[in-house]
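Q: If you read the sequences in order, they're chains D and A. With the first letter of the first sequence counted as 1, position 51 gets the number 51 in my numbering; the numbers rise by one all the way through. With the first letter of the second sequence counted as 1, position 4 gets the number 4 in my numbering; the numbers rise by one all the way through.
To be clear, the hints were calculated from the coordinates, so they are not data collected in a lab. Keep in mind that a hint or two might mislead.
As the list claims (entries may be wrong) - Okay, derived cross-link-like pairs now, BS3-like style, lysine-lysine, Cα gap no bigger than 25 Å in a straight line:
id : chain 1 : residue 1 : chain 2 : residue 2
1  : A       : K23       : D       : K88
2  : D       : K153      : A       : K4
3  : A       : K23       : A       : K4
Keep in mind that this is a model prediction, so the values were computed, not measured.
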Amino acid sequence: MESADPDVDLVRLAQSGDTRAFEALVVKYQRRIARHVARYVRRAVDVEDLVQDTFIRAYRGLSAFRGDSAFYSWLYRIATNVAITAVKREPMVLLGDSAPEERIDAFEPGVSDGDDPERNVMAGQIADAVQRALARLQPDLAAALMLYEVEGKSYAEIARMLEIPLGTVRTRIFRAREFIAKRLEPVLGSQRSRRW
Amino acid sequence: MSLKVSELLDGQFASAELAPVLKDVVSDPGSRDRFTIYGLIGDSLRGNSTPDDGFSLRILQRMRERAVRIDPAFDPLAE
């Protein structure tokens with residue numbers, strides 16, 4: 001199956017009442033939404049509140065999602081509204097010293113959050129482990145994964161670009177993820193009980 | 001199973017296949033963990049290596065505590 005929005009079927013399932021489908025969307029997008037709202041607020045605790053509010057609003061209003069845009073775009077717009085509303089409500093608490101567009105790299109939860117040095121260290125270890133694994137990864141597997149994750153190409157586009165069957169794209173992306181995941185596990189091991 | 005997890009993350013299942021695959025993945029802790037780690041790998045490659053650190057679980061817990069339900073009259077983009 002190839003769709004412009006990879007989440008459309010998961011969203012439809014969630015709209016029909018399957019809460020597991022929405023859970024999967026939360027797990028998939030929480031980090032990206034956190035990074036987005038962190039452009040508006042300073043403290044990690046505020047970021048977390050705004051991310052929670054974003055997903056709560058998204059779930060309550062899931063019927064309003066018609067698929068006119070990608071689900072992530074819709075979620076991103078909700079997060080933006082939530083963050084702007086919060087900043088208007090408590091500007092002295094939430095606003096940084098500079099405009100959001102100037103603060104894109106100023107705060108990244110877990111990376112530059114001065115409140116939690118342990119998370120900063122962990123984020124650095126994750127980044128190192130992923131990069132080290134990527135460097136050791138078979139080039140054809142790395143190419144498929146990077147085209148999908150970084151370049152945003154669809155499976156079909158990757159198949160055309162690399163001149164390989166669609167099924168090979170699926171297995172290459174899977175094998176690349178699995179290769180990296182096995183090397184990431186020792187870094188993440190102690191946190192397993194704190195994940196979905 | 002991990003291949004299915006990878007395909008699920010990327011939206012590769014047609015509507016009719018999705019529900020049973022999702023059920024299998026969610027009911028298996030190892031598959032849920034793979035879903036989370038594969039997502040983290042993608043985000044890390046895009047420059048965001050933040051550990052989950054219970055973040056997702058707290059979102060889901062807050063939704064349960066508030067008994068959040070889909071409300072057809074609610075517009076999440078309204079002020």
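Q: Hint by hint, where does the structure go against what was stated? Just the numbers, ascending.
A: 1
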